[in-house]
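J.: Construct the complete structure from the given sequences, taking the supplied hints into account.
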Amino acid sequence: MPEQDPLERIRNFQEVPYGYTEELAMKEAFRCLQCKDPKCVAGCPVNIDIPWFVRLISEGKFIEAAWKIKETNLLPSVCGRVCRQEDQCEKRCIRAKKGQAVAIGALERFAADYEREKGDLAVPEIPAWTGRKVAVVGSGPAGLTAAGDLVKKGHRVTIFEALHVPGGVLMYGIPEFRLPKRIVAAEIAYLKRMGVDFELNAVIGKLFTIDDLFGEGYEAVFVGTGAGLPIFMGIPGENLIGVYSSNEYLTRVNLMRAYQFPECDTPVLRGRKVVVVGGGNTALDASRTARRLCHVDVTVVYRRSREEMPARKEEIQHAEEEGVKFLFLTSPTRYIGDRDGRLMKAELVKMELSEPDHSGRRRPIPVAGSAFQIDADVVIIAVGNLINPLVPRTSPDIEVSSCGNIVVEPATEKTSKKGVFAGGDIVRGGATVILAMGDGRRAANNIHEYLKNRNW
Amino acid sequence: MFEIVEKVLLSHTVSLFRIKAPGIASKRQAGQFIMLRLNEFGERIPLTIVDSDTEEGTITVISQEVGKTTGMLGALEKGAGILDVVGPLGKPAHIEKFGTAVCIGGGIGVAPVYPISSALKEAGNKVISIVGARTKELLILEEKMKKISDDFFVTTDDGSYGHHGFVTQILQRLIQEETKIDIVFAIGPISMMRAVCDLTRQYGLPTIVSLNPIMVDGTGMCGACRVTVAGENMFACVDGPEFNGHDVDFEELIRRNRGYYNEEKLAMEELTYHEGPRCYER
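Chains as they are written, first to last, in this note's numbering: chain A, 1 to 456; chain B, 457 to 738.
Don't take each hint at face value.
[What the hints assert, rightly or not] What the simulated footprint calls covered on chain A by chain B, stretch by stretch (three residues with Cβ under 8 Å from a Cβ of chain B suffice, anywhere in the stretch; the number is not a length):
hint : segment
1    : 51-58
2    : 229-237
3    : 250-257
4    : 377-390
In short, the hints are calculated from the structure, not lab data.
Quick caveat, the model's predicted, so the values are computed rather than measured.
Backbone N, C-alpha and C fix where the C-beta goes; we use that ideal spot for every residue, glycine too.
T.: Rendered as structure tokens:
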């Protein structure tokens, strides 16, 4: 897959891979062996019929390929870019045993982009209205998928979104250079054309409660409000000017377009020495964003080793090519500021791995006497997120776990409150786009059954 | 689009806006706020909801021109639209029958003090109001505050109206006269709230303040508005904006609010370059 040159791309927010040409796409699609028992399908969290759409691409039927994917996955241009194919479908590809797996993700992206650019984007035929209204809370991947599926079954759907643009984490969390916002906007426009209603600036839990929604005539509610509560480490100096949660940093840059300040009004501090704490995709996103904001020195500090980093290998590789530095087996202990309360230095300590913890990974413990300081004027804390507490707090009859996650019946996504379903990160904690979409799909099917026979 | 149905110039740099927002008007309680964004390039800023009219479906906010966004807002007239308004945000003020409540508002802080004092009066409290401003021209909501107060005092820093001095001096006098005070609410510049708390702490008077840190989303997902209260991190947008004044780390809040001083200056320079000097330059 041809990609932007690293030194070039740190000066812009455009995507790194250029995408396939038609010739390259067909050539890659020909590599698929069309296995009788395709292992890749089982690897996909929503079981897309991969061999079928790949075959259509090999035959030059690109738009049909996109439609095939959309039978199962509503947002292929998103998933083709952000899914961890290397751990899901591509990992199980039979060609991976003795060479390279078929580039399923890149092909999905190609088909989706082709349809968006060249196709007429016809909406599927919508059945007559069932007479039922469903409210979807949150317009991230789970909510968008649930809404799309429900409207295709003939129900009237309104999505309530707290922010001023829809998309959830697709808009505020994932950077422009990994997921261009015009693509998210196009997917949302498609849903609108299918008949989904969007109410923005509507904070459910504040403007309306879930009970209010039932009072307005909605007969079922799907909650997909995500894991947007930032975690701070609780170490000294975390409130110095220049210390950000990854949510704040990415929201300023992605959602509020701080990279265009002062044409856009929301600023972000552009330091010269940036430290990002964490090892997941969010930490990598933050570090690569920082590089693009003319930050001279960007270092990712992770408490475990490289092998244990949860981020996608492709992201780590892209980050390294772009000049992001890594300090493994290192963790911050405090931040030091000047008299005005601005961050000046980060104090770090080396870690070593000991016995496995509850997640099965070896627990990092500090090495005594190994503390050292580095200059830092921006620190981005990307050590994970907790679930958004707004809906659970205002609907106490929805059962939550000890961590605050909404509890559901896994097969049906039903919560403890009659008529209320939930899925995505609000149930799983911080997880992935494709898993959220799978939850949304499952919930939509069960909402449809519930509305038919009112059996709870 | 949210339409401005009424605009009143309260002073040179302070305007009152009544905005059509029926959903928010019907749900809002004293102490809550909105976040607004003027246009698609704009930033999100918080403003306290001063009043609401459920029949008309409107909310009232008061804004002081201190930077680019408030400056642009101040230039809008009746009929103009605001792109995004979201609310009601924050925890409602804790209102109960305390007995006697002293409500102190400094400068633009009188805007959030008014709905709280009003609610306290409705809940059966005796309300003693102390309203202060730098100068007579910057005094706002005097008549409205007088109407809902049992006792009413005004101070100006320059002595152009009312008592020449600070709100804390009136409070000190009330305390020394052994006025029965069950609770104090203080909203205004951070230095004022800190001064009130330093005074009331000595006499063990419970004091509630409303904090104004920088905010980005206002719904609890970014942590920009974090403040240290009793040694713990709290988000002003979801845990506040009201907090127990004696527990607040005001010094930290003052420092954090200066975090974007350079960027704010740049934005103002851009605005005055494009729009020409107005009352922003003071």
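J.: Look at each hint and say if it fits the structure.
T.: Going through the hints against the structure:
1. Given as covered by chain B, the segment 51-58 of chain A fails the check, having 0 residues with a CB less than 8 Å from a CB of that chain where 3 are the minimum.
2. Counting residues of the segment 229-237 of chain A whose beta-carbon sits less than 8 Å from any beta-carbon of chain B gives 4, enough to reach three: the coverage restraint holds.
3. A stretch counts as covered by a chain when three or more of its residues have a beta carbon under 8 Å from one of that chain; for the segment 250-257 of chain A and chain B the count is 4, and the coverage holds.
4. Under a criterion of three residues with beta carbons nearer than 8 Å to beta carbons of chain B, the stated coverage of the segment 377-390 of chain A is upheld, 3 such residues being counted.
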